[in-house]
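Can you make the complete structure from the sequences, with help from the hints?
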Amino acid sequence: MVHDDDFEKAILFNFDQSGRVSRDLKEQAQAYCNEVKRSDKSWRLYAERFSVTAYVEVKFFCLQALQEFVKTQYAGLDEESRRWMKQTLMVWIQNADAVDLQQMPAFLQNKLAQIIVAVVQLEYPDQWPSFFEELLGLLSSGPAVVSMFCRIMQAVDEDIISLEIPRSQDEIRSSMHLKDAMRERCMTEIAEAWYALVATYHTSNVQLAAEVLDAAVRYVNWIDIGLLANDRFVPLLFGVLSSSSQRLRCASIDVLTEIVSKRMDAVAKMGLVQQLGIVPICAGLPGLEPGDETAARLAKLLAVLAGEILRALAHIENQVEGLAAVGLAVDAEATGEAEAACGAAQELLNQLFPAVLASMRSTNDLAVVPFLLNYVGRLKAVQKKLGSIPQAPAQHVKGILEAVAFCSQFPPESASFAVLAASQADAVAGEEEEAAVLDKRQDLFTLFRNLARVAPPDTFNFVGARLQQGLAARATFQEVEIAISLLYQLGEGAADETLKPGSGALGQLVAGVMSAEVPHAGHRLVALALLETYVRYSRVLPQQQELIPHVLAAFLGPRGMGHGAQVVSVRACYLFARLVKLIRPNLLPLIPDIVKSMQPHLAHIASTPSVDGGSRKSATSAKAVAALPAATDDRLYAFEALGLLLGQEGIAAEPRHAWVAATLTPLGSQIEAHLASAGQGSEGQQAAGVALVLQGLEAITRFSKGFSLAFCTRIAPEIGQVLADTIEPVLRVPRALAGCKAVRARFISYLHRMVECLGGGVLPHLAAALEVLLWAGADAGDIAEVTALLNQLMLRFKDALQALLTEVLPVCVARIHAVLTPDWDWSGRAALPAGPAVGAGAAAGEVQAGLNEDLREKAELQRSYYSFLHAVTHNQLTGALVAAPGQAGMLEAVLEALARGAGSHADPATRRTCVQVLRRLVVEVCGGAAGAPDSFRRFMLERLGGQVCFLGLLRSGLDVRDANTNSLLLDIAGLLKLLHQQCGEELTAFLCASVFPVLALPQQLQEQLIGQVSSAEAKDLRASLRTVLQQVSGVNPGKKASARRSAAQSSSECSGMVS
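Here the sequence shown is numbered in this note's numbering, starting from 1 and rising by one per residue.
Hint data in this document are derived by calculation from the structure and do not stem from the laboratory.
A portion of the hints provided could be inaccurate.
As the list claims (entries may be wrong) - With a cut-off of at most 25 Å between alpha-carbon atoms, the simulated DMTMM-like pairs for lysine to aspartate or glutamate come out as follows:
no., residue 1, residue 2
1, K977, E942
2, K440, E413
3, K37, D6
4, K380, E413
5, K705, E718
6, K9, E68
Next up, the structure:
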């Protein structure tokens, strides 16, 4: 028997968080509660204690346990017990005001509503058809009952009806069943109750009226729309918009929005909108403060209403056009009705547009922009069909442009600072504001560009007026920045005709800006917008060269590279390099002035390495600028720009030589001066020294991009010599800092550039460079970088690299095999990604991640090794591998690595690379006068003919449907044909005796293979190899043994056939 006091005490002990209840006592209390749950009549106890207890903890426990009981055991109760449960629940609702149910915490009221709904789900409508009638009959009992009614209706939606929550098929069927029953039995009465309750409480109890509407809005999308969209309910909803309660106003707007957005036939929707008079009312609603939540909801209502009218308009038009397109006649009456409906819809849009644009100006553009994008898309379609935009829609273009500009502009009280933030807090505030503006501009600028394509003259005139306003002396930086940004947007895809001097409207706007003294030009946002715009419209400059000096001054002066804000100076360097690439022939007369202006900037860039090469977005374009690699400084584009300027013809040799030397000499001196400190002193001093060395090295590399091979060797060989003079000093950098990854990367990049600039002139220096790169401590990643460099060199110089490769190749192969140790898995499967071990802790996960990275680097080295050998054998350099004096061990190691990769690698493309290399090596080794040595013949038979070409298919995992696999099989077929040319019948005898029995191939297939190896085309042999692959892939291990025995019996027949 359960004692009420003991039961309550046990629950209170169980919920205790004060620490005064011992652990043992809590465990006893938990055991007692569990024992109560196992009682047959526990549910009655829960119901009774909930009604009388004063403790919230006990009430919650009782409701929680009761809910669990209803879900799991209620269906097993007898009829009398179920009747008692339902009566008890209804009594609780009926007495809500008497027991002051509203004073209970909200979570208890919600839990009670969930229990009632759980019973309703099991009983309604078959066993409890009167539930909703009984519930509605209690509403006159007072506000507490009304509140519980709202909670129950919300729980019905959340727990049963709403399909926004993932549900099982049974739950979906239950949802449909309940909706059908409610539509048939009670939704009319419920909707009438919603109306009566809102009418009763919207002045006396606004929160309760809002609760009613919050419940009603959930049902609009599936009930008869006429229950709410009528001449009683809709005026009431508009009436409460004047309420002082924001929550009630928002709830009313939400219901109106759901009514408007309900899916209906287009003609019916238009009729409903006109019947209810929603458009004139919405159009006449007063403006609201931007910060008011009601304004955001109202903007959504206006956008949805306008979007539905637009959708209906398009549907009606498409319907008529579709009938005509398929040859169906449309009578005059139907045409007239369609034209009248379209005219009415357009008129409704005209009425609504001012309110839509006004709501957009209230910082609610996110709700309105999607509609405007669709509207402009419709204008484009109409323009394409009619050749022009009708007068009525065209009137809205200027309003949309004004709204876009207003919403895109930085706020009047902007947190954005002009150059440098006064404090960290100001910097954070400015960055957050700019990020928010950039985010808004994504869709707004898309809308603007679409409008520009639809109505170019109107857009040009609008931007011209904005520029005139922005270039006025009293303009704010916000006005200047948005005017320049809109001009920038016009340039996307602009036709050349619009940029022609004198006749092009856009060209005139651009020229005006390029020649003007722009207010607030030093503000970092304005400066960035101007620089981006100058580069986008660089096509104007060759046509109006008098503008070039003014533009150059912006880049090279305090508004560009010399700007106090790092983000501007960095971006200016990058954009200047782009500008130079686009118009460098036009800059020839100005090069002396440009060089003079750039020298202080270059010196500053070289001596102040950037510690953060992160990425940012451009406010003008609202697009992300490409992320930069670690330790990369965009300011170094200034060196590239200067190289591009000096690397063109038409400059006198003497001054050019002086300018190049004046650029490179300080960089070389900086490298030499700081190379010693990079390895000495404190950790900070060493890091600073390394940074300066890297900056100088990267600056030389960037500068060299302006000089081509032809320029350095034929047009201006003296410049090539100046570049070549940097090699020896630069070689000292990796020698001194061999273990620094960043140094290696920059040095290899430098070598790549020198190859492009100097061609064969770099060959005398390569041996020393490669010796430095292949130092004893090189890891997998380091060696892979070297092989990539060697690949480029071989591709460029081919047999001219023979002597160097003969010297370097043994060292390179030795370093590779020192990393890829004998226990390395040459199949590549060990490096395949694997999931984390179950239960692995954070430390174990970090260790595993490190191991995985090591495996990945080694696997990448293996692939680069094969690519390197492929380059050796396919660039007339195989002799360095085969005929190297005293390097037989190297060739053996290479052959072993290739054979293992060709016969087992998981990637068919990698296998194919290995097979192609092996084919070249077989030709090279066997092509001499002495022929192939016996050891190599055994290698060809056993490793190539057996392991690579056939037995490797057993452990391949290859897919015959894969294109790479088919290409691999063709290469294997070619290798087999080559092996037969070298070994003759010795190969076929070996296959029959040692290979085919292992594969368990049928005798007919064996005979076919032997015949094709000796006489057929490679593509025919490939088809048979496909059959072999399919067979070995499809035979399971249990069947292989018996198959091999039968194949062994037929091997003698095969041998006889060969002989």
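How the hints compare with the structure:
| no. | hint | verdict |
| --- | --- | --- |
| 1 | K977 x E942 | 15 Å, holds |
| 2 | K440 x E413 | 17 Å, holds |
| 3 | K37 x D6 | 14 Å, holds |
| 4 | K380 x E413 | 37 Å, violated |
| 5 | K705 x E718 | 16 Å, holds |
| 6 | K9 x E68 | 21 Å, holds |
Violated hints amount to a single one, hint 4; each of the other numbered hints is respected by the structure.
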